[in-house]
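From first to last, the protein sequence lines stand for chains W and H.
According to our numbering, the first sequence is numbered sequentially starting from 65.
According to our numbering, the second sequence is numbered sequentially starting from 65.
By construction, these hints were calculated from the structure, which means they are not laboratory data.
Glycine included, each C-beta is placed from N, C-alpha and C at the ideal position.
Treat the hints loosely; a few may be bogus.
[To be verified] Computed Cβ-Cβ distance ranges for the label pairs, DEER-style: (1) H/R679 <-> W/A648: 24 to 34 Å; (2) H/D669 <-> W/R709: 34 to 44 Å; (3) H/G606 <-> W/D611: 33 to 43 Å; (4) H/P159 <-> W/E311: 56 to 66 Å; (5) H/D276 <-> W/R608: 51 to 61 Å; (6) H/D669 <-> W/D701: 18 to 28 Å; (7) H/Q367 <-> W/E645: 17 to 27 Å; (8) H/Q367 <-> W/E311: 56 to 66 Å; (9) W/P216 <-> H/K270: 49 to 59 Å.
[Claimed, not checked] Derived lysine to aspartate or glutamate pairs resembling EDC-like cross-links, with alpha carbons at most 20 Å apart: (10) W/K436 <-> H/E311; (11) W/K474 <-> H/D276; (12) H/K474 <-> W/E311; (13) H/K270 <-> W/D268; (14) W/K270 <-> H/E338; (15) H/K270 <-> W/D708; (16) H/K474 <-> W/E718; (17) H/K529 <-> W/E162; (18) H/K164 <-> W/E718.
There are 2 protein chains.
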Amino acid sequence: MTMNPTSVASGANALRATCANALRVLAMDAVQAANSGHPGMPMGMADIAEALWRHHLKHDPADPQWMDRDRFVVSNGHGSMLLYALLHLSGYALPMAELKRFRQLHSLTPGHPEVGVTPGVETTTGPLGQGIANAVGMALAEKLLADEFNRPGHAVVDHRTYVFLGDGCLMEGLSHEACSLAGTWGLRKLVAFYDDNGISIDGDVKGWFGDDTPGRFEAYGWTVIRAVDGHDFDALDRAIAAAHASEKPVLICCRTRIGQGSPNRAGTAKAHGEALGAAEIALTREALGWTAAPFEIPAPVAQAWSALARGAAAHGEWRERFAAYERAYPDLARELLRRTRPAAGLSEETEAALATACADAERLRANVATRKASQDVLQEVGPATPELLGGSADLTGSNLTDWKGHRPLKGQGTGNHVHYGVREFGMAAIMNGVMLHGGFRPFGGTFLTFSDYARNGVRMSALMKLPVVYVFTHDSIGLGEDGPTHQPVEHASSLRLIPNVDVWRPADATETAVAWRETLRRTDGPGCLLLTRQALPHAGDGTRRLDAIARGAYVLRRPAGERVALLASGSEVGVALAAAELLAADGIAARVVSVPCMDVFERQDATYRRHIVPRHLVRIAIEAGSTGLWWKFVGEDGDVIGIDRFGESAPASELFRLFGITADRVAQRARSLLAGETSRTTDAAPALADR
Amino acid sequence: MTMNPTSVASGANALRATCANALRVLAMDAVQAANSGHPGMPMGMADIAEALWRHHLKHDPADPQWMDRDRFVVSNGHGSMLLYALLHLSGYALPMAELKRFRQLHSLTPGHPEVGVTPGVETTTGPLGQGIANAVGMALAEKLLADEFNRPGHAVVDHRTYVFLGDGCLMEGLSHEACSLAGTWGLRKLVAFYDDNGISIDGDVKGWFGDDTPGRFEAYGWTVIRAVDGHDFDALDRAIAAAHASEKPVLICCRTRIGQGSPNRAGTAKAHGEALGAAEIALTREALGWTAAPFEIPAPVAQAWSALARGAAAHGEWRERFAAYERAYPDLARELLRRTRPAAGLSEETEAALATACADAERLRANVATRKASQDVLQEVGPATPELLGGSADLTGSNLTDWKGHRPLKGQGTGNHVHYGVREFGMAAIMNGVMLHGGFRPFGGTFLTFSDYARNGVRMSALMKLPVVYVFTHDSIGLGEDGPTHQPVEHASSLRLIPNVDVWRPADATETAVAWRETLRRTDGPGCLLLTRQALPHAGDGTRRLDAIARGAYVLRRPAGERVALLASGSEVGVALAAAELLAADGIAARVVSVPCMDVFERQDATYRRHIVPRHLVRIAIEAGSTGLWWKFVGEDGDVIGIDRFGESAPASELFRLFGITADRVAQRARSLLAGETSRTTDAAPALADR
């Protein structure tokens, strides 16, 4: 392959080269101004970006929310300046002043692309591998939405998802999970451009990345377009045309030079992540024949880049199409608009189903596993909520994420319950993509322990304010015989630590129903439902209980003459109630506080918090997991009964005894504390001989 | 492919079929007795296990620690009963009584295989994908150790690593990371048996796993032996012989039936994870022609299975080989024995290097980033510690995990600093495998935020009590412009929550050196070193400081008439010291407590803890991250100044001001608390307008 030096392009492609160079110069100048950032990728992928954005991408800079726009994802998110340059030049509401403030506080041009901050940015990227997985989710959503809403002659949902990605994304395991699914699902409107520049931060990738990537993607069932010169516009055009003709997802392998245009840095790892410096920038300008000052774009170039007219035309054409659709299928059109409205709330039908689920749970007072109670909620909510897109990472029958009448999504079919296979991280990142696309409300299940595998995906849901729902079952040693590899200990608390995640650990069927209701009502962040394998007793009742649960913590038992407060979540609420009975028999009145969601409780006002957890009571918290976060609520004179070591393989009931998560032990601790003994030193710890 | 019905095998293979059936029956009977477990995989892979274990595996049941044994990993760890049956029948110290206690409390036969619990179990598996990655680490360790110690005619390190794995492992992204590296590294002694039974928990895998797996592994540079009948002993023998002749890692694709032998469950998802039930067990016994009672093995079968004689012979032959090596290369032999001794401590040379590093740091009082201070430690320790196997997930120049004179491990070469590529989880699980193998002390680096990607690998280090070292740099908003995707907030605390992980967040070069010392001295669990990108001032000195740091928390500043205690870790220790100076100017005496390792501090006796953090002082903790875990130390009348929301993209110094991690704010809070104002309500919070 011979490289086509961008600087000497001529004839019909001269303008294209100049347009691409505008991206290069903006990127290098912005990184230089910030003295921070990554010029290498933007300069290397500038020609590809020109080919895609100026000639193929369907978008309307005047309306970044246009539902039927093509989606564009920079999975190698450190190349953010490429995206900002594209958005600015295309005509999005991203003025040059913001490019000058690249990576400065509260600019519209943060270090990595952030959805919700910059108009036209479709997803937040940077953590490698997640962008391509988000894109798979977007393409899945497009396919499902088209299948559901399009009618013959009325293709109102018909757009592509384009991704830029690099070696880093391809090394990450997540790319395997997501791209395997894209192939299995046959997502033919997904087109990924692989920036095959042979360089990652540590240098020449051959030393740690020997994959035959085209062969790998063919094994996933993708169309692979090999060995495209990423600096040859004609070759890129041919590749994109071929991609559009494919019936499978497409990987276009583009041979590029990182930092292309920089005489001394191009093709080196040094081009990746630092400013070129004034001298090299001058040399690069010279090599590119670029004479304009930093952050100045010559008028002909600006004109050539503007996508406003083309975007308005495309959008207008679609509006006409949609108007025809609206006339032919008014109900469908209304529903499609409802579904794809940004931050769409729940329908009345869904709210009614949730109300029924809550009322039924409270009325039936069933002793069930909360994972089963969750499925009972889905039996109501599923049929009432067409936007619901459930799923599980190959644990459907254990997570109980399916419901009567659900339609399993397998292979190239459609459906509303996704079999993600054993791919927890892939599931999370794909759900994020589905949510970003719009039209669906995704939720997915796995064992709580394996939330670890998905962890940064959950974090990205939270950072992007996406109300994705995570159903994490088998939430403690209560899972029993599978043993410590499968028993969560630290997971409830460590999920609580992620900002903007609401972690619910309901104590019975009613709390489970309310947890679902509150989680589905969220519009600005994810919820995790931590559910038991084992059956739990109904914990309490009362007409006002539903509202109380929704505040994150509430008093379940409030005897006269209280001296003790027992705080607990989930399966330990029953333990606390039993302990309170034991104490009552000794004449000690104990309040029981259920804490289904510590995160929500912490958002209540101080008066409510003090009302529920009064400082004058001796307080003990009980949770079959890490103790650390509970000290905030019990104070130094209280105690926390939990588990700060790994579990064991044995039947669950034996484990609760072994680890001392019992009413007897709680009652004993309360008596000790009331007798003035200091905490943490006098506890008759259960026999925890380590092996 | 025609299945060879195991029950009608005849001729030379009749005994082999019977031996395989012994595995099947033990597995189904043990699962039945426990009424819990997974019969499907053991019954499906029994013939493969017979072929490998009775005819090829080099091991000595009388000495499970024999250094040159072949390693055997059940990556599909739910098939634990297959492994227990193999170990029992081969002659390991695993009596039948323990098989009867499958999945019972403190048995030697927990639900999933656990290293350190059961003789002969090489690694703890169950979390899918990690076993194969551990195996890659073992094979890497074998290769490196052989390269370092073998001499012509003296192949004292020469063994293979075998892995069983299933569809679940292959769907997990981790398998991509590990197997890509195995191919790049050319680990020719790694042989994986793929249990291609077409079934995962949700059913027929075709609906969610459409990969051409052989094609995928060829793309990694593996030898793939396709379409082997996993129930045909002759075909398996041929495949294993071919594998041994390969110059690359080998994947043997075995077509099997899950639950093979069970007339009604074989080939179904129902065979996977539940007991067959008495009726089906009777039918299976009949189909297999197995008449012995549960947990009884006919003498000829037991005799056929015993590997004691073969193992003793192989081990004896190796002992002779090693004796000859010892005569020829006494120094090498001594060093090899030192390196491969279980739980080998540090050498005198390493201890001396650590002592030098600690003393130098304290003497030089340099203001450096702790990541740089860490590299300074490695400059001392690296050359003195041949067992050290460093590495980074493509961030060598940022993590500063290399040292002068390190030898980079790339491609098929050897070395002592591994370029893992952008594969955080793979790095963790491979390091676990290296540690389990013995001969090396692995450490690896990435950005702290991306500890999320590796999280369950860190957990497995802890569960397996492996003293792997994680170097997590860029440990807070101090990383600056890269923004919230790259800025850790909850990570320090969430790593602290994992049992048996020691998380060090040193405040200066001296604390960094001691953190390395204490982490390297551990023999029973991992350590995480959380290091800054930005320079930090030297925090204090004194001859006794080194010992104090090692206790996890200590008093750095103790003025007369103390009223306030400021607790901090890492980069916030400097903030606390500055705040104490501000308070001193107001006549308020403030103690400063540095808390480099909360985990170690919590293991100190109560007297020491109260001595360092006295209850009578008004206490404020400061850490640029989640606040939750600090309340235990400051009490309800204290306060915690931290960050419970996501970061921002901006220069680091601006971010510390934005988030209020400043001496001014700390001093102001201290004054407020002393004035009797209640915590958390009166704080003049910094302007944190959310976008």
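A quick look at each hint next to the structure:
no.: 1; hint: H/R679 <-> W/A648: 24 to 34 Å; verdict: holds, 32 Å
no.: 2; hint: H/D669 <-> W/R709: 34 to 44 Å; verdict: violated, 19 Å
no.: 3; hint: H/G606 <-> W/D611: 33 to 43 Å; verdict: violated, 57 Å
no.: 4; hint: H/P159 <-> W/E311: 56 to 66 Å; verdict: holds, 59 Å
no.: 5; hint: H/D276 <-> W/R608: 51 to 61 Å; verdict: holds, 58 Å
no.: 6; hint: H/D669 <-> W/D701: 18 to 28 Å; verdict: holds, 20 Å
no.: 7; hint: H/Q367 <-> W/E645: 17 to 27 Å; verdict: violated, 59 Å
no.: 8; hint: H/Q367 <-> W/E311: 56 to 66 Å; verdict: holds, 59 Å
no.: 9; hint: W/P216 <-> H/K270: 49 to 59 Å; verdict: violated, 30 Å
no.: 10; hint: W/K436 <-> H/E311; verdict: violated, 51 Å
no.: 11; hint: W/K474 <-> H/D276; verdict: holds, 17 Å
no.: 12; hint: H/K474 <-> W/E311; verdict: violated, 38 Å
no.: 13; hint: H/K270 <-> W/D268; verdict: violated, 37 Å
no.: 14; hint: W/K270 <-> H/E338; verdict: violated, 45 Å
no.: 15; hint: H/K270 <-> W/D708; verdict: violated, 41 Å
no.: 16; hint: H/K474 <-> W/E718; verdict: violated, 49 Å
no.: 17; hint: H/K529 <-> W/E162; verdict: violated, 50 Å
no.: 18; hint: H/K164 <-> W/E718; verdict: holds, 18 Å
Checked against the numbered hints above, the structure violates hints 2, 3, 7, 9, 10, 12, 13, 14, 15, 16, 17; every other hint is satisfied.
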